[in-house]
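Visitor: Sequence:
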Amino acid sequence: MRAESVAVFCIAVVLFMPPGPSRCEESSVETGTLRIDGSGVETLVLFDGGGHRIRAACEEGVMRLPASIYTVREIHLAGGPYCRLDEPMTFEVEAGAETTLSLGGPLSQTVEVRRNGTCLDISHWLEDVRGYRYRGRVAGAGPPVFAVYKNGREVGAGTFEYG
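In this text, residue positions in the sequence shown follow our numbering: the first is 727, and each later residue adds one.
Keep in mind that the hints were calculated from the coordinates and are not lab data. A few of these clues could be false.
[Unchecked claim] Computed Cβ-Cβ distance ranges for the label pairs, DEER-style: (1) R799 / V837: 50 to 60 Å; (2) S849 / T825: 42 to 52 Å; (3) S754 / G884: 51 to 61 Å; (4) S849 / A823: 38 to 48 Å; (5) E887 / G805: 12 to 22 Å; (6) P870 / R841: 33 to 43 Å; (7) V881 / E824: 45 to 55 Å; (8) T844 / F817: 23 to 33 Å; (9) T797 / G822: 17 to 27 Å; (10) G884 / H778: 16 to 26 Å; (11) P792 / G884: 47 to 57 Å; (12) R856 / P792: 37 to 47 Å; (13) R761 / R799: 13 to 23 Å.
Yeah, the Cβ is synthetic: ideal placement off N, Cα and C, and Gly gets one too.
Generate the whole structure from the sequences, applying the supplied hints.
Guide: The structure is reproduced here in C-alpha cells:
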C-alpha cells in the first residue's frame, strides 16, 4: 500500500509542474541595476510589483533586479543589525537603467535614557544616512557598556542586555 501511494504522489508532482522556464533555462526578463549609496548593506527584503517577496543580496553596493516597482521592507547590515521599515520605501528599477538609494552607513549611534521611578530605561540604536533606525547586535560583539558622569566625574558604569 505504501509503495502505491508514493508512486501516485510522484506522478502527481510531474503532472502538476507549473508552466514556465525551469531554473536551468535562460530567463529573458529585462533587468536594471540598483546601486546602494551607503556602506554595510548586505541584504534587502523587497516586494515586487506582483507582491512577491524577494531577499536580494547586495554585493559591493550593487544588485541586478528585474524591471519592476519595489517596496523595501527590511534592510540588513553586515554583521547583524537590521531595520524593519514601518513606512515602506518604494522605488522603481527600469530595464537597462540604474536606480540609486541612500541606505546604510555611515551610521551614527544614539542612546536615550529615561527615568522610570527608581530605574533608568536605556535605549540604544544605530541610525543610517536616511534616518532609519537599526537594531540587533553586531555578530561577535559583547554587551553594550555605559558610564554615568556627574560634573565630569564618572559616578557609575556597567553593561546591559538588549531587550
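Visitor: Would you mind marking each hint as holding or not holding in the structure?
Guide: Comparing the hints with the structure gives:
no. : hint                    : in the structure
1   : R799 / V837: 50 to 60 Å : violated (27 Å)
2   : S849 / T825: 42 to 52 Å : violated (33 Å)
3   : S754 / G884: 51 to 61 Å : holds (59 Å)
4   : S849 / A823: 38 to 48 Å : holds (40 Å)
5   : E887 / G805: 12 to 22 Å : holds (18 Å)
6   : P870 / R841: 33 to 43 Å : violated (19 Å)
7   : V881 / E824: 45 to 55 Å : holds (53 Å)
8   : T844 / F817: 23 to 33 Å : violated (47 Å)
9   : T797 / G822: 17 to 27 Å : holds (22 Å)
10  : G884 / H778: 16 to 26 Å : violated (46 Å)
11  : P792 / G884: 47 to 57 Å : holds (50 Å)
12  : R856 / P792: 37 to 47 Å : violated (24 Å)
13  : R761 / R799: 13 to 23 Å : holds (19 Å)
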